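Student: Please work from the sequences and hints to get the whole structure.
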Amino acid sequence: MKKFRKVLDGLTTSSPGGGTMGSPSCGSTAGTPTAAPTPKEIDVQETLVSENFQLCKTVRHGFPYQPTALAFDPVQKILAIGSRSGGVRILGRPGVDCFCQHESGAAVLQLQFLINEGALVSACADDTLHLWNLRQRRPAILHSLKFNRERITFCHLPFQSKWLYVGTERGNTHIVNIESFILSGYVIMWNKAIELSTKTHPGPVVHLSDSPKDEGKLLVGFESGTIVQWDLRAKKADFRIYYDEAIHSACWHHEGKQFMCSHSDGSLTLWNLRNTSKPIQITFPHGKIQKDGRKESCKPILKVDYKTSRNSEPFVIFSGGLSYDKAGRRPTLTIMHGKAITVLEMDYPIVEFMTLCDTPYNNEVQDPYAVVVLLEKDLIVVDLTQSNFPVFENPYPMDIHESPVTCTAYFADCPPDIIPVLYSIGAKHKKTGYSQKEWPVSGGMWTLGSHTYPEIIITGHADGSIKFWDASAITLQMLYKLKTSKVFEKPKQNEGRGAELVDDDPFAVQMVSWCPQSRIFCVVGISAYIILYRFSKYDANTQIVSLEVRLQCDPEDVISPSENENNPCFSEPQSGSHSPQPHQPVSPGGGTPESLKDCTPCLKVKDRAVRVPPGYQAELVIQLPWIDGEPPQQVSSLDINSAYGLLAFGNCNGLAVVDYLQKTILLCMSTLDLYGAADPYQRLTRSPRRNRQSTSGLTELSDNQQSVDMERSKSPTSESRENSFSRSRSSSVSSIDRDTKEAITTLQFGESFGRKSDTLPTPCLWVGTSLGMILLIPMSIPTDQEERMEEQVTIGPCGAVLMLKGSVLRFGFLDCMGALIQSPYEVWRDVNAPEDPDRPRKRKLVHFSPSSSQDTCGEGHLAIVCSERQAKVFLMPSQSCLFVHNITESSFVLRADVVSVCNSVCLACFCANGHVMTLSLPSLRPLMDVNYLPQTDMRIARTFCFTNGGQALYLSSPTEIQRITYSQEMYDNLQEMLGELFTPTETPEAQNRGFLKGFFGGNAHTFDREELFGEAAAGKASRSLAQHIPGQGGVEGMKVAASGAVGELARARIALDERGQRLGELEERTALMMTSAECFSKHAHELMLKCKDKKWYQL
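Under this note's numbering, the first residue of the sequence shown is numbered 25, with each subsequent residue one higher.
There's no promise every hint is true.
[Unchecked claim] No farther apart than 20 Å at their CA atoms in a straight line, the calculated lysine to any residue pairs in the SDA-like style are these:
1. K363 x T300
2. K461 x D382
3. K281 x R334
4. K687 x E462
5. K101 x E462
6. K186 x K1044
7. K507 x D487
8. K259 x N201
[As the list claims (entries may be wrong)] With beta-carbon atoms standing in for the labels, derived distance ranges:
9. R298 x T224: 25 to 35 Å
10. N565 x E814: 20 to 30 Å
11. Q69 x Y477: 22 to 32 Å
12. K223 x G129: 34 to 44 Å
13. D437 x D563: 27 to 37 Å
14. R318 x K461: 35 to 45 Å
15. R298 x Y458: 43 to 53 Å
16. N172 x M469: 49 to 59 Å
17. R334 x Y447: 33 to 43 Å
18. D1032 x Y372: 43 to 53 Å
19. A564 x I365: 48 to 58 Å
20. Y348 x Y562: 53 to 63 Å
21. P414 x E127: 19 to 29 Å
Everything labelled a hint here was simulated from the structure, so no lab data went into it.
Given the structure is predicted, the values throughout are model-derived calculations rather than measurements.
Virtual Cβ for every residue (Gly too), placed ideally from N, Cα, C.
Tutor: Below is the structure:
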């Protein structure tokens, strides 16, 4: 029984032998040096300390996911969008883009700007009102008011008023003081608003607006069709309208004599205040009269805007109202201008729209110039000043989700010439027909900060498209779009292997690899293919070369404990060990041998010469074919090196290396064969048990939490990652049934030492597997350019074999001084450029050899290896383990990278439990550990990526990219990089109405709301009705502050600011008291002089 338990323990260990290095636990304070002595020549001065790190969100890009509300400040010219998850995006001119989040996560029902005041009111689904301060670069909540007994349905804030009208589901209207956020005692009760004889409840309040003619009159619309004009001074109804159809919205004519309502039957009614017994006009804009004389039934008109124009007929703009007869019609926005009716069809349902006008005053001619239309997945602005109503070109990156995002990559500190080149190519394919006028949302201020460098974000999509984005200076702008599907013939429906494997998105992008210096670009697709692209400024006629690689494994490998299980490193293979043999390539365009009749790829590559435009041009396609009726396994790892001219990829069956210069396959071998005699496990074959791989889930990155995602997201994009999710959560017994294939999980080309006996670095391929194994494969590459194109690259037998706990995720290399060693690369050259006979084009290679500094620090280099459980630092070529650190015991690492921060390097990790960590190099000392995302879903797990400069990003929703920083330096400079939302602007003066118009038009005296709604007149509201919650102010930034001295300093700074603010208020109160005391003293002195000579009985 003990022996059986030992076997079980061996089977269920994530990586046998990985924990025998004397590693500290997850909570340890530093990486533990191993038994191997640290060589004297390794003397790295580590400069990074915990004070260099601070985690916070920087900026969010993309379209707000599931939008619910819209608001616009006509003076500041900024736009706000609320979402179902409680987020608020505030947009101004390009560069002014701010994201705020309600802590409750409740959906935003309505947004109201305090026009030209630098503040915003949000009403949420949890019946709470919030006041946001926009006079700071990171808005914060000043006040909140939680309604306890009534549900909020509608809010209205008149221009230049400090009293907010709040309608509720019970039909009551409450009034809130915006300055103090305290409820007034003045309430318009529903039973007072309607007639006593009315037997039914009027329903929730759906509309509130003050009359342009008299601010003391409030128009209240109830859902049932009841409309009441309430006299705020007299506290009674001026008139009541009872209409048969439910009301959705209402809008005043600017003179205040008429208003228009939209109804649930698709009708618009126009009412005149002189006679409210019936509407003066009823129209069904889209309701045609049928043969029997009846009108067609129409959908509800959800909102109507009635705007007057100085030089033309008024505009009536509404959404909905189409007839029910035509199924599948797209959502529409209708613009009625005089007798002309224009119907604008939208791609998505309309959430809200807002008409932009020149004046903020509701009693002046409105002169609308644009309509902002918020759709479920887009934001468009229509130009009303031109008769064909063109749309404005949107300067924000609102189309990230044009096709669902399936992968991301982030590159900081790119070559400075790459962004202008990509932009110039991409600009040739931009859409035309936009309005010539400037984008109307032009508020705020933004300047290019001093801490900027070229950054590029790459997104891969479900339709096979790739987008390059300029992400410099925390902005995002589309540079260039590449369509990978153009490489293939269009697959016919239900025909071919591709249709069997992937029905919906056969071209979905699984991963990308890009070398910015050489501009070589590789794309891995879900249909088991890899496309290699080269960049050219010239168009060309090219024929794409296609290679087929058979990475199919017949036996399945089962692991049993070996005698070498507890050894951290294994001896090198003997001279007689198995040496990988080059695989015979399938000639491009050639016939298929008899033995490979069933060797058909999922998609067919275009076999004819095609004209390709400037930009990225496909040169080579590598495909994994079906074999014996079985689909190919998905590619799980990829690396490309332009200096070597090699491309390596692997999956759960094995590894392949391709020479893309000679278009030949150098290596195609199963993972088991790679080990040769150095295999640390005993492999037992068993009967084949091939499970057809599910391909659903890649293109839909779910929002649900982790447990749900594990079941739903059985995606081939990261099969090894899925296995690691289950492995990390499996019990000792149940884990025996797990998939035990050893997948290739990461690859890295670089100059290294393949064997202990090597004295000089040579080109090597580092291979990491899902069982924590690390293989080094040395290569011999001809250095002369002509020889390189003619002689074959030779790949030696497997060199070193090293081990870690868990699936290997990342390699990194440092020299003996602790500086990062970059992979060698080829300097970009345009292969399609005209030949110059005097200057023939040659390959220019840049190498970063670890032996370049031998004189000062000795031979060798440091190799950093990170797995999902553990990080280790090895000294090469001795292969001794210098440091080891157990990153986590309770979770597992999803993403790890060796990155540059503050002129040094560190290891950055993101765990499945939402922790973001950094470790020093090479000592693996923990520098930061922040519980950033308590609930990590599969979408975040697949798209999270680090880059240099202390930055990272992930897909926070299906339509948005969230960028974060973990650098204290960037955190300190963030205020400078962000845009200003509020700019001091003079409020436009109201137009002079003229004597006669003012005399006969009413509103002769100003309406004093303070006199009516203040505590002196209206009294206090019931305490149980609503609860006032003081806001956090500017302290919300502290929530993500890392522990340590920096966090304490930040808290102290904020406390000091608050103390200064309180001292300022105290000083003001003291000054008032002194003034009051002086006044009292003066009056007392006067009284004393008056009574000075009088007797007591004369007083």
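Student: All the hints need checking, so say for each whether the structure fits it.
Tutor: Right, here's what the structure says about each hint:
In summary, the hint linking K363 to T300 is not supported, as the alpha carbons are separated by about 26 Å, beyond the 20 Å threshold. For the hint linking K461 to D382, the alpha-carbon distance of about 15 Å falls within 20 Å, and the restraint holds. Under the criterion of a C-alpha separation no larger than 20 Å, the hint pairing K281 with R334 is consistent with the structure, at around 17 Å. Using a Cα cut-off of 20 Å, the hinted pair K687 and E462 is violated, with the two alpha carbons roughly 50 Å apart.
Under the criterion of a C-alpha separation no larger than 20 Å, the hint pairing K101 with E462 is consistent with the structure, at around 13 Å. Between the alpha carbons of K186 and K1044 the distance comes to roughly 17 Å, so the proposed pair stays at or under 20 Å and holds. For the suggested pair K507 and D487, the alpha carbons sit about 8 Å apart, so the restraint of at most 20 Å is met. The hinted pair formed by K259 and N201 meets the criterion: a straight-line CA distance of about 19 Å does not exceed 20 Å.
At about 28 Å, the beta-carbon gap between R298 and T224 stays in the expected band of 25 to 35 Å. Checking the proposed 20 to 30 Å range against N565 and E814 shows it holds: the Cβ atoms sit about 25 Å from each other. A hinted range of 22 to 32 Å for the beta carbons of Q69 and Y477 is consistent with their spacing of about 25 Å. Look at K223 against G129: about 40 Å separates their beta carbons, and that is inside 34 to 44 Å.
Distance hint for D437 and D563: a CB-CB separation of about 31 Å, consistent with the stated range 27 to 37 Å. For the pair R318 and K461, the supplied restraint of 35 to 45 Å holds, since their beta-carbon distance comes to about 44 Å. Our hint of 43 to 53 Å for R298 and Y458 holds, since their Cβ atoms are close to 45 Å apart. Remark: the range hint 49 to 59 Å for N172 to M469 is contradicted by a beta-carbon distance near 41 Å.
Remark: the range hint 33 to 43 Å for R334 to Y447 is upheld by a beta-carbon distance near 41 Å. Taken as a hint, the range 43 to 53 Å holds for the pair D1032 and Y372, whose Cβ atoms sit roughly 45 Å apart. Range check, A564 to I365: Cβ separation about 50 Å, and the 48 to 58 Å hint holds. For Y348 and Y562, the Cβ-Cβ distance of about 55 Å falls inside the hinted range of 53 to 63 Å, so the restraint holds.
About 41 Å separates the C-beta atoms of P414 and E127, a value inconsistent with the hinted range of 19 to 29 Å.
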